[in-house]
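Visitor: Combine both chains into one complex, guided by the hints.
One-letter residues, chain by chain:
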Amino acid sequence: MTVIAEAKRASALRNTFGGILGVFILLLIGVLAFSIRLFSVIKYESVIHEFDPYFNYRVTQYLTKNGIYDFWNWFDDRTWYPLGRVIGGTVYPGLTLTAGSMWWLLNSLNIPLSVETVCVFTAPIFSANAAWATYLLTKEVKGTGAGLTAAALLAIVPSYISRSVAGSYDNEAVAIFALILTFYLYVKTLNSGSLFYATLNALSYFYMVCSWGGYTFIINLIPMHVLLCIVTGRYSSRLYIAYAPLVFVIIHVVALVYYIKGILSPKMFKVAMTIAVTIGLAVCCAVIAILIALVNSSPTKGWSGRSLSLLDPTYASKYIPIIASVSEHQPPTWPSYFVGINVLAFLVPAGIIACFSPLSDASSFMILYLATSAYFSGVMVRLMLVLAPAACVMSGIALSEAFDVFTRSIKIQVPYLLDRPPCGDINSESSIAQNDVSNVDSHAPTDKAETVSKESSRKNQKKEKEQEIVEKVTSESQNGKRLPVLPQEVSAVAILLLTALGGFFVVHCVWATAHAYSAPTIVLKSYTPDGLHVLDDFREAYAWLRQNTDVDDKVASWWDYGYQITAMANRTVIIDNNTWNNTHIATVGAAMSSPEKAAWEIFNSLDVNYVLVVFGGLVGYPGDDINKFLWMVRIAGGVFPHIREQDYLVASWWDYGYQITAMANRTVIIDNNTWNNTHIATVGAAMSSPEKAAWEIFNSLDVNYVLVVFGGLVGYPGDDINKFLWMVRIAGGVFPHIREQDYLAAMASASFDPSPISSAVSSGILLPPTPPTPPGSPEASATQQNPFFYQRAS
Amino acid sequence: MAKSTSSDAQMLIRSLRTAYAATPTNLKIIDLYVVYAIVTAVIQVVCMGIVGSFPFNSFLSGVLSCEGTPVLAVCLRIQVNKENKEFKDLPPERAYADFVLCDLVLHLVIMNFLG
Numbered sequence: 001m002t003v004i005a006e007a008k009r010a011s012a013l014r015n016t017f018g019g020i021l022g023v024f025i026l027l028l029i030g031v032l033a034f035s036i037r038l039f040s041v042i043k044y045e046s047v048i049h050e051f052d053p054y055f056n057y058r059v060t061q062y063l064t065k066n067g068i069y070d071f072w073n074w075f076d077d078r079t080w081y082p083l084g085r086v087i088g089g090t091v092y093p094g095l096t097l098t099a100g101s102m103w104w105l106l107n108s109l110n111i112p113l114s115v116e117t118v119c120v121f122t123a124p125i126f127s128a129n130a131a132w133a134t135y136l137l138t139k140e141v142k143g144t145g146a147g148l149t150a151a152a153l154l155a156i157v158p159s160y161i162s163r164s165v166a167g168s169y170d171n172e173a174v175a176i177f178a179l180i181l182t183f184y185l186y187v188k189t190l191n192s193g194s195l196f197y198a199t200l201n202a203l204s205y206f207y208m209v210c211s212w213g214g215y216t217f218i219i220n221l222i223p224m225h226v227l228l229c230i231v232t233g234r235y236s237s238r239l240y241i242a243y244a245p246l247v248f249v250i251i252h253v254v255a256l257v258y259y260i261k262g263i264l265s266p267k268m269f270k271v272a273m274t275i276a277v278t279i280g281l282a283v284c285c286a287v288i289a290i291l292i293a294l295v296n297s298s299p300t301k302g303w304s305g306r307s308l309s310l311l312d313p314t315y316a317s318k319y320i321p322i323i324a325s326v327s328e329h330q331p332p333t334w335p336s337y338f339v340g341i342n343v344l345a346f347l348v349p350a351g352i353i354a355c356f357s358p359l360s361d362a363s364s365f366m367i368l369y370l371a372t373s374a375y376f377s378g379v380m381v382r383l384m385l386v387l388a389p390a391a392c393v394m395s396g397i398a399l400s401e402a403f404d405v406f407t408r409s410i411k412i413q414v415p416y417l418l419d420r421p422p423c424g425d426i427n428s429e430s431s432i433a434q435n436d437v438s439n440v441d442s443h444a445p446t447d448k449a450e451t452v453s454k455e456s457s458r459k460n461q462k463k464e465k466e467q468e469i470v471e472k473v474t475s476e477s478q479n480g481k482r483l484p485v486l487p488q489e490v491s492a493v494a495i496l497l498l499t500a501l502g503g504f505f506v507v508h509c510v511w512a513t514a515h516a517y518s519a520p521t522i523v524l525k526s527y528t529p530d531g532l533h534v535l536d537d538f539r540e541a542y543a544w545l546r547q548n549t550d551v552d553d554k555v556a557s558w559w560d561y562g563y564q565i566t567a568m569a570n571r572t573v574i575i576d577n578n579t580w581n582n583t584h585i586a587t588v589g590a591a592m593s594s595p596e597k598a599a600w601e602i603f604n605s606l607d608v609n610y611v612l613v614v615f616g617g618l619v620g621y622p623g624d625d626i627n628k629f630l631w632m633v634r635i636a637g638g639v640f641p642h643i644r645e646q647d648y649l650v651a652s653w654w655d656y657g658y659q660i661t662a663m664a665n666r667t668v669i670i671d672n673n674t675w676n677n678t679h680i681a682t683v684g685a686a687m688s689s690p691e692k693a694a695w696e697i698f699n700s701l702d703v704n705y706v707l708v709v710f711g712g713l714v715g716y717p718g719d720d721i722n723k724f725l726w727m728v729r730i731a732g733g734v735f736p737h738i739r740e741q742d743y744l745a746a747m748a749s750a751s752f753d754p755s756p757i758s759s760a761v762s763s764g765i766l767l768p769p770t771p772p773t774p775p776g777s778p779e780a781s782a783t784q785q786n787p788f789f790y791q792r793a794s
Numbered sequence: 001m002a003k004s005t006s007s008d009a010q011m012l013i014r015s016l017r018t019a020y021a022a023t024p025t026n027l028k029i030i031d032l033y034v035v036y037a038i039v040t041a042v043i044q045v046v047c048m049g050i051v052g053s054f055p056f057n058s059f060l061s062g063v064l065s066c067e068g069t070p071v072l073a074v075c076l077r078i079q080v081n082k083e084n085k086e087f088k089d090l091p092p093e094r095a096y097a098d099f100v101l102c103d104l105v106l107h108l109v110i111m112n113f114l115g
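Protein chains in written order, with this note's numbering: chain A, 1 to 794; chain B, 1 to 115.
Quick caveat, the hints were computed from the structure, so don't treat them as lab data.
Quick reminder that beta carbons are idealized off the backbone N, C-alpha and C, glycines included.
Worth double-checking, as some hints may not be accurate.
Here are a few chain A residues that face chain B, going by a calculated C-beta distance under 7 Å [as the list claims (entries may be wrong)]: (1) F196; (2) S237; (3) I241.
If we strip away everything but chain B, and leave its shape as in the complex, we get (with noise of 0.2 Å):
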């Protein structure tokens, strides 16, 4: 029972990656960069639980803006993927300037809030 489960396991993370390895470039940078925020994000977290959570909304902003980007490239990542039938009219610049937008505005909010 246990062999079939890890070599499932195994067979498992092995069609993963090969699957991940046939996406596009394009794709896998904005991967790249949701990774990275998160990490991010992680960093703070742990940096809070360390020193302490005073001043709260600062900690609050830095996080929350660390968690704004990686979803709004998410949508991105959504709208360029030619695999999506619902976004193949939509032109992948309009999809950029629509991001950048987006993150203006998230960090506008998040500038403010930082105190």
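In isolation and in its complexed conformation, chain A is listed as follows (with noise of 0.2 Å):
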């Protein structure tokens, strides 16, 4: 008796001792994945990034200020100049309601924060909560080593950090630990049934719905797994509990099918189906029918856009050209994901077979889950976010699994080595003489636990040595499952190999995070060989607009900037990143499209004061309204038909053709194909005549802008200069008036004073410009192409 008493109390310290581990170990994940957010902080300062977080930062400024009242009720005049938004009804509360609650809980437990710090923390303090989340989730899908390893994943997987950094105070840094934890509040509803976890399931949906778009994933999911479930044949009275409370019909008929299966025998269960199954038919086909005609009626057959991009990626860029202009609607390409997920992206494949075996309703749940994500991850990178908990899970079973038989394997082949028969842990583990053939729980704490009753159950060996063969026998009976024990040497170096894969994915997050992910994009670094340059133009452009205009002026420019400035500058915008009316935007779009009158004419109807244009070509910034400038024309053509993309014509000498049209994505009047001599000659004329005589020319191809290569201030040698005389000789070939000899002349003419430059010329100092020779003669390459400056002589 005292063996097994003694037996029990040692594996209820293991579990004690385990259990504590499990506590230390997640919070040392949320004490991480807070920290690793805190780059930018660091770095620059405790500032709000982006666009999309200062609406969110003025919504929770009011709400702070005036009170929840007044909050739901607000209308906006401040921006979309003169249609107002209504901001109470159209924004999702649920980000900005929780920011200000921990504010107002802080401030009235005299912890007197500013409502910005509170911002700025709010997405590192979630993440946290995020991560313990997954560890709640993974933990019900498999057990709890693969819960821990999910939670260390996901504290440090560069796409969630990617929205989620200190700063990016935007709906998903709350939405993504709502999700995860409306998924494990499911999970846990469909392992035990019970109804108080189904109302908290409700619950945390309800607060999901209130944060995010993005709720209806989780209420397309569920339904769809609901379904797989049913079809699969394991549906179960605790499948309803799980997904009724939530919603509907197909799984009261199957509810109704199996209890009436219960009651009745099984012939006239036959004449019910029978019955059912025509009534049914019936039904169904009418349902269908109005459905049809009903969703036939609306014009994108029922869905909304940006879904309908979703499942059609080409139809936003045909249709609705303001959805495909925003850059994180695009489809990824293979690097975002390698940096996104890294190492994750091939243990998920693992994790995916690892959760076939067994099945269980959680872990074809999961299955589910990280397929849809999946797809739609690969239809816009936005939503690489939504896939990050998937990977996170599905790789965490994958490791923790993988560790598991190497541990295994290397722990039954010990006391061979040692010269001992072979002996398991009390209680849970009994292992038989033969060499591969195990039992193991797989909710055994992790790893170091095992180690530590490894040496305890050493000691108790020869005590329960017989104990141990009567339950060997029937533990063997009871399952005589056969788990995989590898070699030893291979076990120990695989988990080398793995440590070090963990390692690997660990500097790689660390580094994403700390360059690609931590720029606050209202301040911007420039290395220039002056040194650093940190510049803060937008928020002195902001400044300068709070300080120096009237509190009514009304400021005009790219929807992009638009929080911004109705944030910082204080002033009343015409359009902002909410994008809901697509005119308005378009209307501002003709503008900046159009020339100066017709400009000036449309900023005058709005009651504009100010325009804000940003250029970036001083430093050499890639995001600038220049480089929009395209975008400005395709929306703005999508509603005034007379802005047309292809009137923005680009000419250019013939070697620049190709590029214009496959980068500017410009019509070209002569490119690299050079197949009609006239034309180029045409173009070559106009290039080689005085400005009245070339504007003629390019007025008669309804050329808008001429491009022409400059190189002097570098002294790039391959621009239009230095090509210029075989422009004069091509076109005079084709137009006689245009000689070579009249542009020679010009050098040496009596307007121009040679008079300090031949007495150089004669003393030898400067060299005079060499006549041009052809290619491929023996002199080109010798002496250096000169036919129009003087060179130094050195």
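Guide: What follows is the structure, encoded as structure tokens:
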């Protein structure tokens, strides 16, 4: 008896130790998730990033200042002038209410943090919560070991960090936590069948709906999973309790079917089935006919534009340019997958396989979640965020199972090394003399606890050997499961490699966070030969607006900057990032694309006082309004047919034709194909003629822009000045009035005062320009081609 | 053919009736409650068809509360039913307490939505 009592105490001790270790690990994971997101606060300052967070910050400020009733009924007249915007009814209140409540709670405890600080640090706090929720979710699917691994992976996975750094005060910061929590409560309800967890599930889903538009993912995924369970024959009453308190119809039918099946004899059930099927088919056909008629009557077949672009990725670029123009809505490339989830990309398939053995309701749910989120992330790069938790859970399961197998292999075979008969852990393992069979409790704590228990078990080894034999026989008869055991060296090397893999993942995550995701786009860094410059132009511009204009002045800009202008400059804007009114945006786009007079009239009709334009040419900032110009034209063209993209033509020498059509997407007059010599000669004549004659030639070709390459500032030798004489020659071949010698003579004409230069030439300081030689001739490479400039003799 | 199907249907109804008569009383009470709630929902839909759907959110909250409580009642029935092997460890008091809690949350939402 004392043997069994000791065995039980030792196992209880092990379980407690494992539990404490688990809690400690979870705490560390929370701290890790919080601290890795603080790079931008350390490098720059505690400031809110990007564009959308400024709107959320402004809403939170209003909420904390005016209270919740004013917030619900707020009509904002400082945006979308002259239309205004109903903020109380159109905003997702989850994020602002959460941050507002945290601020209120801290202030009532006399911790006077400013609203901005609370907003900046909301995202890191909630990512720690999300990591803990991932632990709970994976524990329901596979066990505590997998849970801890998955939580650690989610804490540092880059694609989640990208939307939840300190300062990124956006909906996803709390929405991902709500998503994982809802999934956890759903799986918990499924596993336990308790109505209490069903209620919590509904409340958590409600929180998700308040926070983010991605709630449609949950409300579509859960019914899909219910359907999958029904179709694969895994219906149970727990499924009904998990799903019905959330929503309906088919599961009622199935529940009824199972209920009737339970109370009828088989023969009667068959009769009932035939009657039910015939009636049911008739009703179904009627309902489907009505549904098809309803759906067909709406132009987009009942879907919204953004959801439709998820199903048909080319839809947005054809019909709704404003959705296609957002860079986050583009499909991701392979590099973005590797930057986003790195090592997890190939651990996920292993996780899927691990979920299939054994297949439970919870693991089938995870597989479905992963499959759908993988598809949607392939369509829109922003949705990689939804893929991240699924990938972490699957990879956590895979890693945990792998470590299970390897450590088990080593543990079974260590006694052989030490010349002892094999002995397993008490109460949860029993090993048999054969080398390759063992039973492992899949909910065992991490292997640190197992090594401790191994030592304690060796002490008791001799005492309960007889006990073991009895246990062996009974357990073998209960479940004769043969679990894989690998050779020891393989296991040791594999454990080392997996640990190294984890190390690489951590290194990558920290690098990606520090370099890619920690830049507050409101402050820019540029490295010039003079050193590091920090460009605060955005905030300086907004401060200028705030201090030097009237409170009621209206500022027009492209929609990207709307939120920032209202938040920081406190001026009324015409359009902002909400982009709810496409015609209004197209109006501003038309103004940006029109000539000055037409643009002035458009802006005047909108009562605009100031126009804000971002130009990045001086520092090489690639995301300025010039870069976005073609989107302005496209969006305006979608509403105003007189603005056509192909109107913005570009004429240049033929070298740049292909580049211009490919990269700038403009129509060119001539390009590298050079099939039409007369056309090339016409452009050459225009380039070689005086201004009036050139204008007439370009006007006859409907040219709006002329592109000329000049390399004099940096010493670029292949520019259009270098090619000029060829333009003259080719034009001269078709238009006889353009003669080469006219241009050489211009250098030596009387209007050009050569005296200081000719004296320098005669004294040998300067070399005179040499007449150009045709390419391919022996002199071409020997001397430097210099038909125009006087060169210093060196 | 017709005679056999009609006699089959009669046998079906008879066997359904005898099987149902065997259920214990507390489950029958729950079933009665479910029927009552669904009938109330149908009455509300008919009333909306006659009178019109303004204000729509009140109509929605009325119908949804009449659909929500029977769902929860069915869940309670599943958990309390002694024939269900999965729930034999669950004391019926706990199941009833869960049902009450869920109903409270449901009606909180409904009251808020009534407008």
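Visitor: Now tell me if each hint is right for this structure.
Guide: We went through each hint and held it up to the structure:
For F196(A), the interface hint holds, the least distance from its beta-carbon to any beta-carbon of chain B being 5 Å, beneath 7 Å. Checking S237(A) against chain B by beta carbon gives a least distance of about 4 Å; that is within 7 Å, so the hint holds. Interface restraint check: I241(A) against chain B, minimum CB-CB distance 5 Å, threshold 7 Å, status holds.
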